[in-house]
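Generate the whole structure from the sequences, applying the supplied hints.
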Amino acid sequence: MAKVWINAQTQVEVADYPGMRAVHLTIDGKNVRALPGQTILEVVNSHPGIGNVPALCYHPAVKPYGACRLCTVEIEEGTRSRFVAACLYPIREGLVVKTDTERVRKLRQGILELLLARCPNVKMLQDLAKEYGVEQPRYALGDQACILCGLCVRACQEIIGRSAISLVNRGIYREIAAPFYAYELSEGCIGCGDCVYVCPTGAIYLGPDGKPVLPKVKIPYPEVEAMMREATAAASRR
Amino acid sequence: MVELLQKRLRSPSELESRRQSIVQKRDPNRLCITVCAGTGCRASGAEAVIEAFKDEIERREIQLDVELKETGCPGFCERGPLVVIRPKRIFYQRVKPEDIPEIISETVLNGTIIDRLLYVDPATNEKIVYEPDVPFYKKQTQNILGANSAIDPTQIDDYIAIGGYSALSKVLFHMSSEEVVAEIKRSGLRGRGGGGFPTGRKWESCLHAEGDVKYVICNADEGDPGSFQDRAILEGNPHSVVEGMIIGAYAIGSHQGYIYVRNEYPMAVRHARIAIEEAMDYGLLGKDILGSGFDFTVSISRGGGAFVCGESSALMASLEGKIGEPKAKYVHMSEKGLWDKPSLLNNVKTWANVPLIINKGAEWYSQIGTAGSKGTMIFALVGKINNTGLVEVPMGITLREMIYDIGGGIPGGKKFKAVQTGGPSGGCIPEQYLDTPVDFDELTKLGSMMGSGGMIVMDEDTCMVDVAKYFVNFLEGESCGKCVPCREGLHRMGEILSDITRGQAGMEDLDLLEDLAGTLRDGSLCALGTTAANPVLTTLRYFRDEYVAHIEQKRCPAGVCRELIQYSIDPEKCEGCLRCLRACPTEAVSGEKRKPHTIDQSKCIKCGACFDVCKFGAVIKR
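Taken in sequence, the protein lines are chains A and B. Take 1 as the starting number for the first sequence in the working numbering and just add one per residue. Take 1001 as the starting number for the second sequence in the working numbering and just add one per residue.
It is possible that some hints are incorrect.
Said to hold, decoys possible - The calculated SDA-like cross-link candidates involving lysine to any residue, where the alpha carbons are at most 20 Å apart (straight line), are:
| # | chain 1 | residue 1 | chain 2 | residue 2 |
| --- | --- | --- | --- | --- |
| 1 | B | LYS1322 | A | ALA177 |
| 2 | B | LYS1322 | A | VAL168 |
| 3 | A | LYS106 | B | LEU1510 |
| 4 | B | LYS1322 | A | ILE159 |
| 5 | A | LYS106 | B | ASP1340 |
| 6 | B | LYS1007 | B | ILE1162 |
| 7 | A | LYS63 | B | ASP1340 |
| 8 | B | LYS1322 | A | TYR173 |
| 9 | B | LYS1327 | A | SER166 |
| 10 | A | LYS216 | A | PRO179 |
| 11 | B | LYS1327 | B | ALA1317 |
| 12 | B | LYS1327 | A | GLN157 |
| 13 | B | LYS1322 | A | GLU158 |
| 14 | B | LYS1322 | A | ARG170 |
| 15 | A | LYS30 | A | PRO54 |
| 16 | B | LYS1327 | A | ARG82 |
| 17 | B | LYS1329 | A | ARG82 |
| 18 | B | LYS1088 | B | GLN1063 |
| 19 | B | LYS1329 | A | ASP209 |
| 20 | B | LYS1327 | A | ARG170 |
| 21 | B | LYS1096 | B | ARG1059 |
| 22 | B | LYS1327 | A | PHE83 |
| 23 | A | LYS106 | B | ASP1509 |
| 24 | B | LYS1329 | A | GLU77 |
| 25 | B | LYS1138 | B | ILE1368 |
| 26 | A | LYS130 | B | LEU1512 |
| 27 | B | LYS1336 | A | ARG92 |
| 28 | B | LYS1327 | A | PRO60 |
| 29 | B | LYS1322 | A | ASN169 |
| 30 | B | LYS1322 | A | TYR181 |
| 31 | B | LYS1336 | A | LYS106 |
| 32 | B | LYS1025 | B | VAL1066 |
| 33 | B | LYS1327 | A | PRO90 |
| 34 | B | LYS1322 | A | SER163 |
| 35 | B | LYS1322 | A | VAL62 |
| 36 | B | LYS1327 | A | HIS59 |
| 37 | B | LYS1025 | B | GLU1014 |
Calculated from the structure, these hints are not laboratory results.
Structure (structure tokens):
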């Protein structure tokens, strides 16, 4: 019997909902029953042993986001197939999903190579990349720990309701920061440590004062950096 | 208040009689000077020209005999400011304020043509007097743009005079929602914003989507470098867009619409706002439109300048006041879009096509174009081309006709090298495919796309690796950074391309580029990422030898990539005129008068100033 996440803590069996009509789909050649409204990833996660779908930006406690793209799988559409993100794709009757084809593995390789080049020292990424045959990225290596999955930001916003941290800037300059680029977290942070708990790479950790320590921001704009320094100095004078 | 009540149209017959009275008041043979007041012509000084006309008309006290009209953009930006004297449509180009007294005294009052202001066809050296005879316009089919040069976009009466809002009246009183959708479907219209999705199907799915509240959205967040078609329509004929939106709203049952327009288009914002206010006053927007009982209002939302907000899901997030980032569209926006309600989003050009289809019929519309792409498309023809501007052509015209017959070919007798269609994530199409008919499917087959209608022409002096690098850098800067392939992949792609243009890459980097392109195409969250590799893939496909030359011979065949070129002076040809010596910003050139000069390579920054100023062809670029 299929198990389904109701929320972060609770799993139930489909049989507990007799009025609900199950959806039938095929994952890697195996027939699976699931609840309507579930995503492919939720189905895979509730069927141990079926499907191989890694996911870094997914956590059952927060809304799916579709940023890491590692959960990409192939679905069949007529005679063709296409890639979809398993964490977001809603299942439907008769859906045929392939989670571990050569094309999927190649795509995940490509993504992991990019991630490992960004964060070469993150153990979890090294292990996952190795599983996919990626050991040495062909790019210049960075030195970050944060993969920008946004789990910390989403947990802070969706679960705690504080929005003490946020994603700022765009593209390669995107980073996690406190509001207005403040060097220290504001009173918005209640020190719950949720962000630390959900972080898949250990980029955020709890500091000695009980507040999370964010990855060091690299402000791309010198003007902003200067303004921030001034503001911090002014605040300490007060 | 009384005036407002008088303005308000309460029925289709009131609209018709208003139209009659406007038309009757206007004498078609009256002298009318139209000046293009689009952004392009303004940049070339149209404002001063308009002021000069006003002054001169006032000075001569001929206000009653001559009308002056500021119109939208007819497309021929290269030759701006453009002045047309009606009813004969005498066409003057590159007009300056000092020409105005002469235009008034000679042409307007006397009917004499001023020779020097006429357009000269570069192909035949023939002077052309009348606007319709200009080759640039002759091959076009200006179904949409045509109205731009005839009306003042800030006057709703002008739009009504040319038949405006008759399609709306027809729809509201003679067609059901289903009939409107069926008409659009039959017309074969496809989305003009880039995707080319069949518009009728989108409308149909939105019509059938569950929900009491539905939204209609006009995407005017035109961000492609070198594209300005949407701006020209919103500036030059905003009512056509508004009318299209009301028709769409009626078709799907929506009562609230939004125009999402870039704040960098101040005039488009202003004209759209005026159009909405005027339409409200006339009872063409708001409650009980034309007495039909149908309510619809439009609000304007100004974009903050992010390219990605032209993507429908990012646009809607931005409209909701959230960060403009795309989300997955596995459930279509037509079912679950803005605030999770069914939302009908179309591009400016698509909306502007709607009144035309309703008025003239789907059969008429579907006769224009090719099997899979109907109607006309407006392209922004830019780059190394004689006639820069907007061109509206029927689908299926060949690239060659567009570039040579309408565009007037490449300036300076240079050779054509490639044309990039579809904006920054379009592909570069080489000469052997110039006879390809331009439509959605043919361009896709070549690895490019229709996009929103950008068309950048490149000549022999263009380095294709440099071009690919430019577009990748643009997209890297505009990537929202949400998903890994787009954020990290484009950054790495930029690094590799930069290495290639500096001669620091190996042949294995070409494989890496292709691998990366696959990751981007298959893995990205939105169309910005999935199409971002097109410029790289097409240049690799059609101009691979240039990549190889950069890598293996450390040579840039087009002489563009600074790190790979060297300037030197041919002592045989150098006359010792000191021009290059004076032009050099880093004092790298030395020599005496009338003796051959030399360039100190250690000081040279390869700016090319010496090359540009040399009159004897003595500076060699290698």
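Checked hints:
Note on LYS1322(B) and ALA177(A): the hinted pairing holds, with a Cα-Cα distance of about 17 Å set against a maximum of 20 Å. Of the supplied pair hints, the one linking LYS1322(B) and VAL168(A) holds, its CA atoms being roughly 13 Å apart against a limit of 20 Å. Under the criterion of a C-alpha separation no larger than 20 Å, the hint pairing LYS106(A) with LEU1510(B) is consistent with the structure, at around 17 Å. Between LYS1322(B) and ILE159(A), the direct Cα distance comes to roughly 18 Å. Compliance with the 20 Å bound is thereby established for this hinted pair.
Between LYS106(A) and ASP1340(B) the alpha-carbon distance is near 34 Å, which puts this suggested pair outside the 20 Å criterion. In summary, the hint linking LYS1007(B) to ILE1162(B) is supported, as the alpha carbons are separated by about 18 Å, within the 20 Å threshold. Straight-line distance between C-alpha atoms of LYS63(A) and ASP1340(B) comes to about 15 Å, which keeps the hinted pair within the 20 Å bound. Restraint check for LYS1322(B) and TYR173(A): the C-alpha separation of about 19 Å stays at or below 20 Å, so the hint holds.
Taking the CA atoms of LYS1327(B) and SER166(A), the gap is about 18 Å. The hint holds against a cut of 20 Å. Restraint check for LYS216(A) and PRO179(A): satisfied, since their Cα atoms lie roughly 14 Å apart, inside the 20 Å limit. This hinted pair checks out: LYS1327(B) and ALA1317(B) have alpha carbons roughly 9 Å apart, not beyond 20 Å. Only pairs whose Cα atoms come within 20 Å are accepted, and LYS1327(B) paired with GLN157(A) is accepted, the gap being roughly 18 Å.
In summary, the hint linking LYS1322(B) to GLU158(A) is supported, as the alpha carbons are separated by about 14 Å, within the 20 Å threshold. In summary, the hint linking LYS1322(B) to ARG170(A) is supported, as the alpha carbons are separated by about 14 Å, within the 20 Å threshold. Restraint check for LYS30(A) and PRO54(A): the C-alpha separation of about 19 Å stays at or below 20 Å, so the hint holds. Between LYS1327(B) and ARG82(A), the direct Cα distance comes to roughly 18 Å. Compliance with the 20 Å bound is thereby established for this hinted pair.
Among the hinted pairs, LYS1329(B) with ARG82(A) is consistent with the structure: their alpha-carbon atoms are about 14 Å apart, no more than 20 Å. For the suggested pair LYS1088(B) and GLN1063(B), the alpha carbons sit about 19 Å apart, so the restraint of at most 20 Å is met. For the hint linking LYS1329(B) to ASP209(A), the alpha-carbon distance of about 42 Å lies beyond 20 Å, and the restraint is violated. A hinted pair counts as satisfied when its Cα atoms are at most 20 Å apart, and LYS1327(B) with ARG170(A) qualifies at roughly 15 Å.
Taken as a hint, the LYS1096(B) and ARG1059(B) pair is honoured in the structure, with Cα atoms around 18 Å apart against an allowance of 20 Å. Annotation: proposed proximity of LYS1327(B) to PHE83(A) holds, straight-line Cα distance about 15 Å (limit 20 Å). Pair hint LYS106(A) plus ASP1509(B) holds up; C-alpha atoms about 18 Å apart against a cutoff of 20 Å. Straight-line distance between C-alpha atoms of LYS1329(B) and GLU77(A) comes to about 16 Å, which keeps the hinted pair within the 20 Å bound.
Straight-line distance between C-alpha atoms of LYS1138(B) and ILE1368(B) comes to about 16 Å, which keeps the hinted pair within the 20 Å bound. The straight-line distance between the Cα atoms of LYS130(A) and LEU1512(B) is roughly 19 Å, inside the 20 Å bound, and the hint therefore holds. For the given pair, LYS1336(B) sits about 17 Å from ARG92(A) by alpha-carbon distance, which is consistent with the 20 Å threshold. The hinted pair formed by LYS1327(B) and PRO60(A) meets the criterion: a straight-line CA distance of about 18 Å does not exceed 20 Å.
Proximity of LYS1322(B) to ASN169(A) is assessed by CA-CA distance (about 14 Å); at most 20 Å being required, the pair is judged to hold. As the CA atoms of LYS1322(B) and TYR181(A) are separated by approximately 19 Å, the hinted pair is consistent with the 20 Å bound. Our distance criterion of 20 Å between C-alpha atoms is broken by LYS1336(B) and LYS106(A), whose separation comes to about 32 Å. Only pairs whose Cα atoms come within 20 Å are accepted, and LYS1025(B) paired with VAL1066(B) is accepted, the gap being roughly 15 Å.
Restraint check for LYS1327(B) and PRO90(A): the C-alpha separation of about 14 Å stays at or below 20 Å, so the hint holds. With a CA separation close to 13 Å, the supplied pair LYS1322(B) and SER163(A) stays within the 20 Å bound. With a C-alpha separation of about 18 Å, the suggested pair LYS1322(B) and VAL62(A) falls inside the 20 Å cut-off, and the hint holds. Distance restraint check for LYS1327(B) and HIS59(A): the Cα-Cα separation of roughly 17 Å lies within the 20 Å cut-off, and the hinted pair is therefore satisfied.
As the CA atoms of LYS1025(B) and GLU1014(B) are separated by approximately 16 Å, the hinted pair is consistent with the 20 Å bound.
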